[in-house]
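Enquirer: So you can see what is in the structure, the chains are spelled out below.
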Amino acid sequence: MSKDSIDLIESKLSQMLTESTRMYDIAMNCLLSDTNIDAVRDDLYATDKEINKLHKAVRREMIIHSAVHSRNLDVPLLLSFMTMSKDIERIGDYCKNLFEIAETGNTFAKGEHADEFQTLKSDVGKMIIYLQSCLSLDDESKTQDLITLGQATTKSLDKKITALLNKTVETQYPVATTLFYRYQKRIVSHIINASTAIIMPTDKIDYLDE
Amino acid sequence: MKLKTIKNITFAVSFLYLFLIAIKLLETGIKTLGEEYTDQLFESVSNPFAGLLVGILATVLVQSSSVTTSTIVGLVGSGVLSLEYAIPIVMGANIGTTVTNTLVSFGHVRREQEFKRAFAASTMHDFFNLLVVIILFPIDVYTNIITRMAEYGTEMFIASGFSATNPNSPIKNAIKWGANKILDVFNSIPFLSDLNENSYRVYAVVLIVLAIILIFTCLKNVVSNMKSIMLNQIEFGLDKALAKGGGLFAILIGILITISVQSSSITTSILVPIVGSGILSVENAFPITLGANIGTTVTAVLASFAVDNIAGLTIALHHVLFNVLGVLIVYPFKAVRNIPVNLAKSLSAATAKRRYVALLYVLIVFVTIPLLGVVIFN
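Each protein sequence line maps, in turn, to chains W and Y. Take the first sequence: its letter number 185 is residue 173 in the working numbering, and every next letter is one higher. Take the second sequence: its letter number 101 is residue 81 in the working numbering, and every next letter is one higher.
The hints are simulated quantities; they were obtained by calculation from the structure and are not laboratory data. We treat Cβ as the ideally placed atom computed from N, Cα and C, and that holds for glycine. Don't take each hint at face value.
Calculated cross-link-like contacts (lysine-lysine; reagent style DSBU-like; alpha-carbon spacing at most 30 Å) [to be verified]:
{"id": "1", "chain 1": "W", "residue 1": "LYS44", "chain 2": "Y", "residue 2": "LYS156"}
{"id": "2", "chain 1": "W", "residue 1": "LYS37", "chain 2": "Y", "residue 2": "LYS220"}
{"id": "3", "chain 1": "Y", "residue 1": "LYS333", "chain 2": "W", "residue 2": "LYS44"}
{"id": "4", "chain 1": "W", "residue 1": "LYS41", "chain 2": "Y", "residue 2": "LYS224"}
{"id": "5", "chain 1": "Y", "residue 1": "LYS220", "chain 2": "W", "residue 2": "LYS41"}
Not everything, but these chain W residues come out facing chain Y in the computed CB check (under 7 Å) [unchecked claim]:
{"id": "6", "residue": "SER(-7)"}
{"id": "7", "residue": "ILE(-6)"}
{"id": "8", "residue": "ASP(-5)"}
{"id": "9", "residue": "ILE51"}
Derived DEER-like restraints, expressed as beta-carbon distance ranges [said to hold, decoys possible]:
{"id": "10", "chain 1": "W", "residue 1": "ASP194", "chain 2": "Y", "residue 2": "ALA330", "range": "34 to 44 Å"}
{"id": "11", "chain 1": "Y", "residue 1": "ASN146", "chain 2": "W", "residue 2": "ASP(-5)", "range": "31 to 41 Å"}
{"id": "12", "chain 1": "Y", "residue 1": "PRO312", "chain 2": "W", "residue 2": "ASN60", "range": "38 to 48 Å"}
{"id": "13", "chain 1": "Y", "residue 1": "THR(-10)", "chain 2": "W", "residue 2": "SER124", "range": "26 to 36 Å"}
Let the hints inform the model, and build the full structure from the sequences given.
Expert: This is the structure:
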């Protein structure tokens, strides 16, 4: 299989992750600091469009690659790229959802959970960057570490959501906070799914429990 | 450079050399057969329409216009097939070669919209070649204008001192040397040596059959090795053509890809799934196909370097001119350019609903009509 075109696809996936990190930072800064939402809105949506453009470019590149290399095609690799690009694109979508929470006037800049939210921001942001390095290094043990970390994070987020739904935790914006946790969980889940596409057999991608 | 690339280049160059030797062997075999026999043999293509249809049939059979046109160059070069008879066969080869990518489009038959696009991408090549033949075939038959241009081109080549047209050029000498070596091996086999002495016509037929098998095998190997070497460049070229969205650049990409792999079918067959998936429109794929039509003519020019008779070069140049003129007539004018594209789209719309129509189309256009035509015109 041609190394160049595969490299090109990987580099586009990596660019998608760079843009996702950027979107995540913009959305989280709007929620966790005094960032002027109107000033960053265009930037956020332009970044989302850029991710979508890269997503389409990855698909196009895969079709051209398949057409040219029809006889020696690494189908599992292309299928993993397909699912990975979809997961990364979804991270951008959930960043938009986080931004929409901020747009409705909810802010987590102050309050009792502010430090916890900052830590979460830092952890999830690092996970996106970590996924980028797993993709370029194709390192099984590093990717497995990321999956383990992601699973622990989603479990913890699940507990927080359950606590909010059961009203065992008090917060100023219960609905916004529940959505906030939910979107964070979805972002982490997509990071896990994209990670499984790097190391797992095609039929088991996205199915960690099995 | 990777070992695999070095291996591919070595094989491609070796098979290209063997291909030129095969053309020389064909020329030798035909000459050995004798004029009285060969005249009878080619009497069936004395009617230009029969020649055209024979060209279609032969190319459909071998799935390569390069094999047909190179064989024709060998036959013209040996002096047994006149330019007049050869020209319609080469035009037919242009039409016949389009069956390959049409068959490729059948791989998309399960999904209606995808098949519709893929079938249109493949049949626009058919319609383009049919349109060009409809326009240029009668003009050339009655005025000989393209033939005269090709003859003028041959004179220019000779006047320029281009070494391959010189009977004592290093290229021609190397080909002769290789052909003689093969003939020596051939004649060292007692059975064939006996045939050569006692029944030279059977010997000639064996030589011709061997040469045609060699032409087919060598071209197949040149194409597969060149494709392996050029895969990344093909992808790069298609990426660029996709970004530019068609036009003259796409024609150039089509020419370059086809010259590099020595097969228009490779180029046009790669386009079929790309158009089928919807990432390249039929309109934007059209100029790449036209480029492929021009690029494929290089094989016949290469083959002409192996033959002694300059008529071999003339028929090869006729092939180049015919395909270049076809693009010049069709592509610059939107109304004309749209004819093959729209016809292909209309046919694909009909076949998407009733997919057996696609199969009927292939059987009628590429098998039934040529077969019936050959019978009728003879």
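Enquirer: What hints, given by number in increasing order, does this structure fail?
Expert: 1, 7, 8 and 11
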